[in-house]
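Heads up: the protein sequence lines correspond to chains A and B, in order.
So in the working numbering, the last one in the first sequence is 735, and the numbering has no gaps at all.
So in the working numbering, the last one in the second sequence is 158, and the numbering has no gaps at all.
Keep in mind the hints are simulated off the structure, nothing from the lab.
Some clues are possibly wrong.
Unchecked claim - Output of the computed footprint for chain B on chain A, the stretches with three or more beta carbons under 8 angstroms from beta carbons of chain B:
1. 123 to 135
2. 461 to 467
3. 603 to 614
What the hints assert, rightly or not - Label-pair ranges, simulated between beta-carbon atoms:
4. B:Q133 - A:P692: 29 to 39 angstroms
5. A:P237 - B:D20: 18 to 28 angstroms
6. A:F257 - B:S69: 26 to 36 angstroms
7. A:D432 - B:S69: 33 to 43 angstroms
8. A:P237 - B:N122: 20 to 30 angstroms
9. B:Q133 - A:S616: 17 to 27 angstroms
10. B:A7 - A:T673: 31 to 41 angstroms
Said to hold, decoys possible - Sample of chain B residues with no beta-carbon within 10 angstroms of chain A, all distances over it, derived:
11. I8
12. V17
13. A70
14. K74
15. A86
16. N122
Idealized CB from N, CA, C, for every residue including glycine.
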Amino acid sequence: MSISSLLSASAPTTTRRTFIKVTTLAGAGFLVGCGDSSSVEPAATAGPAAAPAAEPVAFNAFVKIGADNKVTVIVKHLDKGQGVTTGLPTIVAEELDAAWSQMAWEFAPADTARYANLALGLQGTGGSSSISNSWMQYRQAAAAARAMLVQAAAERFGVAADSITVADGILREPGGRSATFGELAEAAGAVTPPAEPALKDPTSFKLIGTHVPRLDSVAKTDGTALYTIDVTRPGMLTAVVAHAPKFGAKVASFDASRARAVPGVVDVVQIPTGVAVLAEGFWPALKGREALAVTWDESGAEKRGTAELIEQYTALAGTPGLVAHNDGDAVGALAGAAKRIDADFVFPYLAHASMEPMNCVVELKPGECEIWTGSQFQTFDQTTAAQIAGVAPEQVKINTLFAGGSFGRRAVPDSDYIAEAVTIAKAIDGRAPVKLQWSREDDMRAGKYRPLHFHRVSGGIDANGDIVAWSQRVVGQSIVKGTALESFLVREGIDASSVEGAGTPYAIPNLRVEVHHPDVGVPVLWWRSVGHTHTAFATEVFLDELAAAAGKDPVEQRRALLKDHPRHLGVLNLAAEKAGWGTPLPAGRGRGIAVHESFGSFVAEVAEVTVGSDGTFSVDRVVCAVDCGIAVNPDVVRAQMEGGIGYGLSAALREEITLADGAVEQSNFTDYMPLRISDMPVVEVHVVPSTAPPSGVGEPGLPPLAPAVANAIRAVTGKPIRRLPLGERMPV
Amino acid sequence: MAISFMLNGAAVEHDGDPAMPLLWFVRDRQGLTGSKFGCGVAMCGACTMHLDGTPMRTCVTPVSAVAGKSVTTIEGLSSPAGRAVQEAWRELDVVQCGYCQSGQIMSATALLEQNSNPLDEDIDAAMQGNLCRCATYHRIRAAIHLAATRLTG
Numbered sequence: 004m005s006i007s008s009l010l011s012a013s014a015p016t017t018t019r020r021t022f023i024k025v026t027t028l029a030g031a032g033f034l035v036g037c038g039d040s041s042s043v044e045p046a047a048t049a050g051p052a053a054a055p056a057a058e059p060v061a062f063n064a065f066v067k068i069g070a071d072n073k074v075t076v077i078v079k080h081l082d083k084g085q086g087v088t089t090g091l092p093t094i095v096a097e098e099l100d101a102a103w104s105q106m107a108w109e110f111a112p113a114d115t116a117r118y119a120n121l122a123l124g125l126q127g128t129g130g131s132s133s134i135s136n137s138w139m140q141y142r143q144a145a146a147a148a149r150a151m152l153v154q155a156a157a158e159r160f161g162v163a164a165d166s167i168t169v170a171d172g173i174l175r176e177p178g179g180r181s182a183t184f185g186e187l188a189e190a191a192g193a194v195t196p197p198a199e200p201a202l203k204d205p206t207s208f209k210l211i212g213t214h215v216p217r218l219d220s221v222a223k224t225d226g227t228a229l230y231t232i233d234v235t236r237p238g239m240l241t242a243v244v245a246h247a248p249k250f251g252a253k254v255a256s257f258d259a260s261r262a263r264a265v266p267g268v269v270d271v272v273q274i275p276t277g278v279a280v281l282a283e284g285f286w287p288a289l290k291g292r293e294a295l296a297v298t299w300d301e302s303g304a305e306k307r308g309t310a311e312l313i314e315q316y317t318a319l320a321g322t323p324g325l326v327a328h329n330d331g332d333a334v335g336a337l338a339g340a341a342k343r344i345d346a347d348f349v350f351p352y353l354a355h356a357s358m359e360p361m362n363c364v365v366e367l368k369p370g371e372c373e374i375w376t377g378s379q380f381q382t383f384d385q386t387t388a389a390q391i392a393g394v395a396p397e398q399v400k401i402n403t404l405f406a407g408g409s410f411g412r413r414a415v416p417d418s419d420y421i422a423e424a425v426t427i428a429k430a431i432d433g434r435a436p437v438k439l440q441w442s443r444e445d446d447m448r449a450g451k452y453r454p455l456h457f458h459r460v461s462g463g464i465d466a467n468g469d470i471v472a473w474s475q476r477v478v479g480q481s482i483v484k485g486t487a488l489e490s491f492l493v494r495e496g497i498d499a500s501s502v503e504g505a506g507t508p509y510a511i512p513n514l515r516v517e518v519h520h521p522d523v524g525v526p527v528l529w530w531r532s533v534g535h536t537h538t539a540f541a542t543e544v545f546l547d548e549l550a551a552a553a554g555k556d557p558v559e560q561r562r563a564l565l566k567d568h569p570r571h572l573g574v575l576n577l578a579a580e581k582a583g584w585g586t587p588l589p590a591g592r593g594r595g596i597a598v599h600e601s602f603g604s605f606v607a608e609v610a611e612v613t614v615g616s617d618g619t620f621s622v623d624r625v626v627c628a629v630d631c632g633i634a635v636n637p638d639v640v641r642a643q644m645e646g647g648i649g650y651g652l653s654a655a656l657r658e659e660i661t662l663a664d665g666a667v668e669q670s671n672f673t674d675y676m677p678l679r680i681s682d683m684p685v686v687e688v689h690v691v692p693s694t695a696p697p698s699g700v701g702e703p704g705l706p707p708l709a710p711a712v713a714n715a716i717r718a719v720t721g722k723p724i725r726r727l728p729l730g731e732r733m734p735v
Numbered sequence: 006m007a008i009s010f011m012l013n014g015a016a017v018e019h020d021g022d023p024a025m026p027l028l029w030f031v032r033d034r035q036g037l038t039g040s041k042f043g044c045g046v047a048m049c050g051a052c053t054m055h056l057d058g059t060p061m062r063t064c065v066t067p068v069s070a071v072a073g074k075s076v077t078t079i080e081g082l083s084s085p086a087g088r089a090v091q092e093a094w095r096e097l098d099v100v101q102c103g104y105c106q107s108g109q110i111m112s113a114t115a116l117l118e119q120n121s122n123p124l125d126e127d128i129d130a131a132m133q134g135n136l137c138r139c140a141t142y143h144r145i146r147a148a149i150h151l152a153a154t155r156l157t158g
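Work out the full structure, taking the sequences as your base and the hints as a guide.
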């Protein structure tokens, strides 16, 4: 089980009338979703006032129903775009037989005992597990609440419980009398919950698998959605930190006299990660930082550059590593192969570069630490903050807010930016609430990158062109080594997240995967789809190279090697069919395919590219087929595939963090250049109907994209692509 | 001397650092937080507001540059084109994380106020400065077309 980054599932369109009803309600849901919104002093005074309703009745940890007939779902996961604030309410509304228009939500507090991610064993969001781990838990919670409402209705009407029917939030008895959820909430809340509530047969689902509108669309289109950067507290100071120019460097000395003279600057404090300037707002804090003079002690810093690291990784790849996978005798079979191909692949460090640079608001009081942030690992964030603040973990209150993207960046075992914020608040003795706000440059240079990876792959084919041997050595930093997760995720020295997806699941008789985990002083972290970001590329591109060497069609090749993997085959065949695989294309255009399983889901993508005679190229169209089990909200599944494709293409085209003498060379979107609208291909997503339990969607759309594009370019140019990013130009 | 201008139809004054970017004046001093900070160098568009109807990256626009002018933020968006864009965004569920979307909507509204029937190329040109890391781009294209249809239909 790998922990990792991102997203999961949820929502869709509807008639104008229901749309208006729902969006009105969604606004209310948002206000509730901000927790104690009045105390957060969000931005403007604009926005609808929350209805002054009596305290809603909590049926369990996940479902509350108010006398106003509103059903509030407690969302235990962070939303960073994946749609979980729609997905979990959909599951609850389904089992409750509620009307979609009465659904609202709020983020759960930090409370690991009640709100743990059942796939991770801690409260947190990652591994594309928001829906999959919650699926049975939220169904059962909603079914229990429904049974309690039914029992209350039976008692009120004096009829048998099994004669009550429920639809669209209304309970009816055979004689025609009826009651709403809101009317029965108080009585139902006193009913003993059933031990094993009956769940619906999936064939009777009314909302799951259909198109319901996202509950966050209104707040995210009128400026009222609340992110960490929007939080204001009385007397709050904004902190901007001067960080070391190299990883591992420390403050030797600093002179803050000019910084303190900047109007609006209130204080300057040294902290372990640098020097923090506190001011009345971001702008004076930034000006104050510019006026700081800091001398750094680089004696313990990482000083290697990218070229040096790649050279060292290449040398390591020539030596035996830890054996992660071993079927048959790959070495012997390679020696006896009719034809052998060797390929080295290089993948750069990547920044998450979420639109909202990292930030956190902290308020310290005696025996109390309150935090507002897009918390993705509440359990770790709470523990770390408690240690720094000198309080017990349960004295740390975390208000989880919308995150302006994450892609894994906010799921940090050492809670880096949250720890930094609490440290600053502590350094000023808690005398003012502190908002730590990183600039884009801070965010770009603070590390926690997708690790640089090098793969050496050797393959052998026999006289029939069948693959008889596959040997792969993976070199890259372990993501969890040295973190609290190491003991759970590293086995016999191998971080499974470095090799997940390598070589498998193809029917190759002799398959060997080895790994080296070099120590480098660059902080690394999961980045949308984690190891699959590079293993899928090496595997799918090299497979195409072997197919080409054997004169085989890439789709036929995969079909033959996947005959015992029906779900892989299902998406492979669907994507190929929808893309018109095998139909002629004009000169200069090509198609490439890749299929990959990650986070329990199966995705195949066909990319169509145009390569000009000068080597410039464009990605014109991507056809995607996904099997993610039951699609709770098919439109959100489509959105996540579109997003995974865009994020993957962005990295494949231009993204790269490079080091010169250990210092990061990129700083902002001027030199780390994500996908823009003109780069975005036409995307078609086809969701495979399924009765399997839901699996991930936030990440699985990404891994097949880059290899599909590379395979398409090679189909035109005949030249293999073994290094990312692709850059602007291909060899022709 | 204080700098005064119109913000969402109301007169406001700034008597601090005239070089302070409009974005921070609006967010930190006026408490309107719908416009976002993403890069600080006019490369992402999250901070986009309208200056006399024209889209502007306010993270690099000093407050002094808008003296006497009229600024509109997402909170003050009320034109027919603005409403049509917001409704189209909701109908197609464009948003994912949502952080860049105020800026996207401000740029899209300005486009439709200049060009009632934009082609894909027009959309790409007008929206090129607005990054979206969730890559909601092709829904943005579709939503702008939908809004255009509603406005002209």
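Structure-based check of each hint:
no.: 1; hint: 123 to 135; verdict: violated (count 0)
no.: 2; hint: 461 to 467; verdict: violated (count 0)
no.: 3; hint: 603 to 614; verdict: violated (count 0)
no.: 4; hint: B:Q133 - A:P692: 29 to 39 angstroms; verdict: holds (38 angstroms)
no.: 5; hint: A:P237 - B:D20: 18 to 28 angstroms; verdict: holds (22 angstroms)
no.: 6; hint: A:F257 - B:S69: 26 to 36 angstroms; verdict: holds (31 angstroms)
no.: 7; hint: A:D432 - B:S69: 33 to 43 angstroms; verdict: holds (37 angstroms)
no.: 8; hint: A:P237 - B:N122: 20 to 30 angstroms; verdict: violated (49 angstroms)
no.: 9; hint: B:Q133 - A:S616: 17 to 27 angstroms; verdict: holds (26 angstroms)
no.: 10; hint: B:A7 - A:T673: 31 to 41 angstroms; verdict: holds (34 angstroms)
no.: 11; hint: I8; verdict: holds (14 angstroms)
no.: 12; hint: V17; verdict: holds (13 angstroms)
no.: 13; hint: A70; verdict: holds (15 angstroms)
no.: 14; hint: K74; verdict: holds (20 angstroms)
no.: 15; hint: A86; verdict: holds (14 angstroms)
no.: 16; hint: N122; verdict: holds (18 angstroms)
Checked against the numbered hints given earlier, this structure breaks hints 1, 2, 3, 8; the rest are met.
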